[in-house]
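*Asks:* Sequence:
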Amino acid sequence: MQYDPIKRVLGDVFNKTPFLRRVFYNLLDLLLLRAWHVQKELREWAANRRGGEQHILDAGSGFGQYTYYLSSMSQKWNVLAVDVKEEQVSDCNRFMRAIGHHNVLFKIADLVKFRQPESYDLILSVDVMEHILEDVEVFRNFHTSLRPGGMLLISTPSDQGGSDVHGDDEASFIEEHVRDGYNIKEIEDKLKTAGFSKVQARYSYGKPGQISWRLSMKYPLLMLNVSKIFFVLLPFYYLITFPFCLLLNRMDVEGEHPSGTGLIVKAWK
Numbered sequence: 001m002q003y004d005p006i007k008r009v010l011g012d013v014f015n016k017t018p019f020l021r022r023v024f025y026n027l028l029d030l031l032l033l034r035a036w037h038v039q040k041e042l043r044e045w046a047a048n049r050r051g052g053e054q055h056i057l058d059a060g061s062g063f064g065q066y067t068y069y070l071s072s073m074s075q076k077w078n079v080l081a082v083d084v085k086e087e088q089v090s091d092c093n094r095f096m097r098a099i100g101h102h103n104v105l106f107k108i109a110d111l112v113k114f115r116q117p118e119s120y121d122l123i124l125s126v127d128v129m130e131h132i133l134e135d136v137e138v139f140r141n142f143h144t145s146l147r148p149g150g151m152l153l154i155s156t157p158s159d160q161g162g163s164d165v166h167g168d169d170e171a172s173f174i175e176e177h178v179r180d181g182y183n184i185k186e187i188e189d190k191l192k193t194a195g196f197s198k199v200q201a202r203y204s205y206g207k208p209g210q211i212s213w214r215l216s217m218k219y220p221l222l223m224l225n226v227s228k229i230f231f232v233l234l235p236f237y238y239l240i241t242f243p244f245c246l247l248l249n250r251m252d253v254e255g256e257h258p259s260g261t262g263l264i265v266k267a268w269k
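With full-length UniProt numbering applied, the sequence shown covers 1 to 269.
Everything labelled a hint here was simulated from the structure, so no lab data went into it.
None of the values given here were measured: they were computed from a predicted structure.
Be aware that a few hints might be false.
Quick list of in silico lysine to aspartate or glutamate cross-link-like pairs, DMTMM-like style, CA-CA up to 25 angstroms [what the hints assert, rightly or not]:
(1) 198 x 53
(2) 190 x 159
(3) 185 x 53
(4) 190 x 127
(5) 266 x 188
(6) 190 x 121
(7) 192 x 159
Model the full assembly from the supplied sequences, consistent with the hints where possible.
*Replies:* In C-alpha cells:
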C-alpha cells in the first residue's frame with residue numbers, strides 16, 4: 001500500500017492552522033504505539049537534563065511530531081530536524097515559527113551523507129532505517145555526529161512480522177520500505193560495526209501492540225486507500241475502537257515481550 005499519498009492528504013488537512021497541527025500531533029501521540037515507546041525513552045533520557053543545554057538531532061523528522069515534543073520539554077535544548085522531503089521541512093519550519101519554538105530548525109538532508117562530528121547529545125531516528133538501504137553508512141554518520149557519551153535512539157520494524165510481513169511470500173504493508181524489519185542481533189551487530197560501544201535492543205509491538213496497530217492504523221489506512229470518503233466515517237470508527245487501543249498500548253509499553261513486530265534500540269558512543 002502506498003502510505004505517502006495518505007500522509008500528504010492528512011498533512012494538507014492539519015496544516016491549515018497551528019491549532020490543527022497541535023491537534024494532529026496529539027492524535028498521533030495517542031494512536032501511534034511507537035510514539036508511546038519513544039516518548040517513554042525520551043522522558044528517561046531527559047530525567048536529569050532538562051536544566052542544561054542539549055543538542056539534539058531528529059534524523060528523519062517526517063511530520064515533526066517528535067521535534068515538537070522534544071522542543072517542548074526544554075527551551076534550553078537545541079533541536080535540528082532533517083528530512084529529505086522539502087515540503088515537510090518547509091511546513092514544519094513555518095509551524096515552529098508560528099508557535100514561537102525558536103530552539104528548532106528543520107533542514108533538508110540525506111542521512112547517507114549527513115554528518116556533523118561530535119555535535120549532538122542525542123540522535124533520534126523513528127521509523128526511518130527501514131527506508132534506507134545503506135544503513136551501516138547512516139549508523140557511522142550517527143556515531144561520528146554524536147558527542148562522547150551521547151545516545152542514539154531508534155524505533156524500527158523487526159523481522160518478527162514488522163511491516164506486517166509474516167512469510168517469504170508476503171509483501172510489506174508499506175511499499176516504501178526497503179527492508180521488512182531488522183533481526184535484533186543484526187541491528188546490534190551493525191551498530192557495533194559502526195563504532196558504538198554499547199547497544200541495547202528490545203521488542204515493542206508485542207501481542208497487545210499488534211492488535212492495537214491493526215485496529216488503530218492498519219484497517220483505517222486500508223479503508224482510506226480504497227476511498228477518501230472514509231475520512232467522514234473515521235470519527236465514528238475511532239469512537240468505538242479508541243478505548244480498546246489505549247488499553248492495549250498501555251499494556252504493550254509496560255510489558256516485556258519475548259518477540260514483537262517493532263524494535264526499540266539504544267546505542268551509546
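*Asks:* None of the hints should be skipped; say for each whether it holds.
*Replies:* We went through each hint and held it up to the structure:
no.	hint	result
1	198 x 53	holds, 24 angstroms
2	190 x 159	holds, 15 angstroms
3	185 x 53	violated, 34 angstroms
4	190 x 127	holds, 17 angstroms
5	266 x 188	holds, 9 angstroms
6	190 x 121	holds, 21 angstroms
7	192 x 159	holds, 19 angstroms
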